[in-house]
Amino acid sequence: GAVVSQHPSWVICKSGTSVKIECRSLDFQATTMFWYRQFPKQSLMLMATSNEGSKATYEQGVEKDKFLINHASLTLSTLTVTSAHPEDSSFYICSASSGDTQYFGPGTRLTVL
Amino acid sequence: GENVEQHPSTLSVQEGDSAVIKCTYSDSASNYFPWYKQELGKGPQLIIDIRSNVGEKKDQRIAVTLNKTAKHFSLHITETQPEDSAVYFCAASGGSARQLTFGSGTQLTVLP
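Here the protein sequences line up with chains A and B, keeping their order. Taking this note's numbering, the leading residue of the first sequence gets 12, the next gets one more, and so forth. Taking this note's numbering, the leading residue of the second sequence gets 1241, the next gets one more, and so forth.
Hints should not be assumed to be uniformly reliable.
[Said to hold, decoys possible] Pairs of lysine-lysine, BS3-like flavour, derived with a Cα cap of 27 Å:
(1) A:LYS77 to B:LYS1282
(2) B:LYS1298 to B:LYS1308
(3) B:LYS1311 to B:LYS1298
(4) A:LYS75 to B:LYS1282
(5) A:LYS31 to B:LYS1282
(6) A:LYS75 to A:LYS25
(7) A:LYS52 to B:LYS1277
(8) A:LYS25 to B:LYS1308
(9) B:LYS1308 to B:LYS1262
(10) B:LYS1282 to B:LYS1298
(11) B:LYS1262 to A:LYS77
(12) A:LYS52 to B:LYS1262
(13) B:LYS1297 to B:LYS1277
(14) B:LYS1308 to B:LYS1282
(15) A:LYS25 to B:LYS1282
[Unchecked claim] Label pairs and their in silico Cβ distance ranges:
(16) B:ARG1291 to A:LEU87: 43 to 49 Å
(17) B:GLY1281 to A:SER94: 22 to 28 Å
(18) B:LYS1308 to A:LYS25: 50 to 56 Å
Derived from the structure by calculation, the hints contain no laboratory data. We treat Cβ as the ideally placed atom computed from N, Cα and C, and that holds for glycine.
Throw the hints in and build the complete structure from the sequences for me.
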């Protein structure tokens, strides 16, 4: 139980294009989903907290117009990186919460050329 | 806000030995403390968690202890195996937002 999927697992795109990443809780309903960013050999950095049916709450320093988050249902949240640039290249990981516990997806490796 | 410190940053042990990773937290309101294992290129996997009303929890070779007074908690892995090699993260959570604050991670290497 408590499986979270992400799609795609990796994506390569050209600078200036937009990329959408999907996060799904497969066997439970998640009122809250979280989006993280992780650079090599570093810890997870929380980008935003997403509650179903409401606007996401972004952490300080995260541009809400650049990282668009939609949480339209209890099992799906999407992160769109708009006008991506090479500095946006990173490992993006979502999690879905069941009570206190967060279950993480497998991550999406984004490379912007 | 919450601050979680984790030590050591790297840990090498011989197969069969025990490994201990320690974390301290700053916010006395934190009440949930999970541990995650992350293998290279994958998302973190929850391996064990503990809540503030419990001092110790064990699951087979893995145990976690919590000292609320000192605000620290530890992960203990016994009889380590090569497949235990990974990065381990501690985290702390409290409050209605249920956000996790992560430690900096420990690269555990189990030598065969």
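These are the hints, each one checked on the structure:
Straight-line distance between C-alpha atoms of LYS77 (chain A) and LYS1282 (chain B) comes to about 25 Å, which keeps the hinted pair within the 27 Å bound. Proposed proximity of LYS1298 (chain B) and LYS1308 (chain B) is supported: the alpha carbons are some 18 Å apart, at most 27 Å. At roughly 19 Å between alpha-carbon atoms, LYS1311 (chain B) and LYS1298 (chain B) fall within 27 Å of each other, so this suggested pair holds. Straight-line distance between C-alpha atoms of LYS75 (chain A) and LYS1282 (chain B) comes to about 26 Å, which keeps the hinted pair within the 27 Å bound.
Proximity of LYS31 (chain A) to LYS1282 (chain B) is assessed by CA-CA distance (about 19 Å); at most 27 Å being required, the pair is judged to hold. Distance restraint check for LYS75 (chain A) and LYS25 (chain A): the Cα-Cα separation of roughly 21 Å lies within the 27 Å cut-off, and the hinted pair is therefore satisfied. As the CA atoms of LYS52 (chain A) and LYS1277 (chain B) are separated by approximately 14 Å, the hinted pair is consistent with the 27 Å bound. For the given pair, LYS25 (chain A) sits about 49 Å from LYS1308 (chain B) by alpha-carbon distance, which is inconsistent with the 27 Å threshold.
For the given pair, LYS1308 (chain B) sits about 14 Å from LYS1262 (chain B) by alpha-carbon distance, which is consistent with the 27 Å threshold. Between LYS1282 (chain B) and LYS1298 (chain B) the CA atoms are separated by roughly 25 Å; this keeps the pair inside 27 Å, and the hint holds. As the CA atoms of LYS1262 (chain B) and LYS77 (chain A) are separated by approximately 37 Å, the hinted pair breaks the 27 Å bound. Restraint check: the Cα-Cα separation between LYS52 (chain A) and LYS1262 (chain B) comes to about 19 Å, which is no more than 27 Å; the hinted pair holds.
Using a Cα cut-off of 27 Å, the hinted pair LYS1297 (chain B) and LYS1277 (chain B) holds, with the two alpha carbons roughly 17 Å apart. The hinted pair formed by LYS1308 (chain B) and LYS1282 (chain B) fails the criterion: a straight-line CA distance of about 31 Å is larger than 27 Å. A distance of roughly 24 Å separates the Cα atoms of LYS25 (chain A) and LYS1282 (chain B); the hinted pair therefore holds under the 27 Å criterion. Roughly 29 Å separates the CB atoms of ARG1291 (chain B) and LEU87 (chain A), a value that falls outside the hinted 43 to 49 Å.
At roughly 26 Å, the beta carbons of GLY1281 (chain B) and SER94 (chain A) sit within the given window of 22 to 28 Å. About 51 Å separates the C-beta atoms of LYS1308 (chain B) and LYS25 (chain A), a value consistent with the hinted range of 50 to 56 Å.
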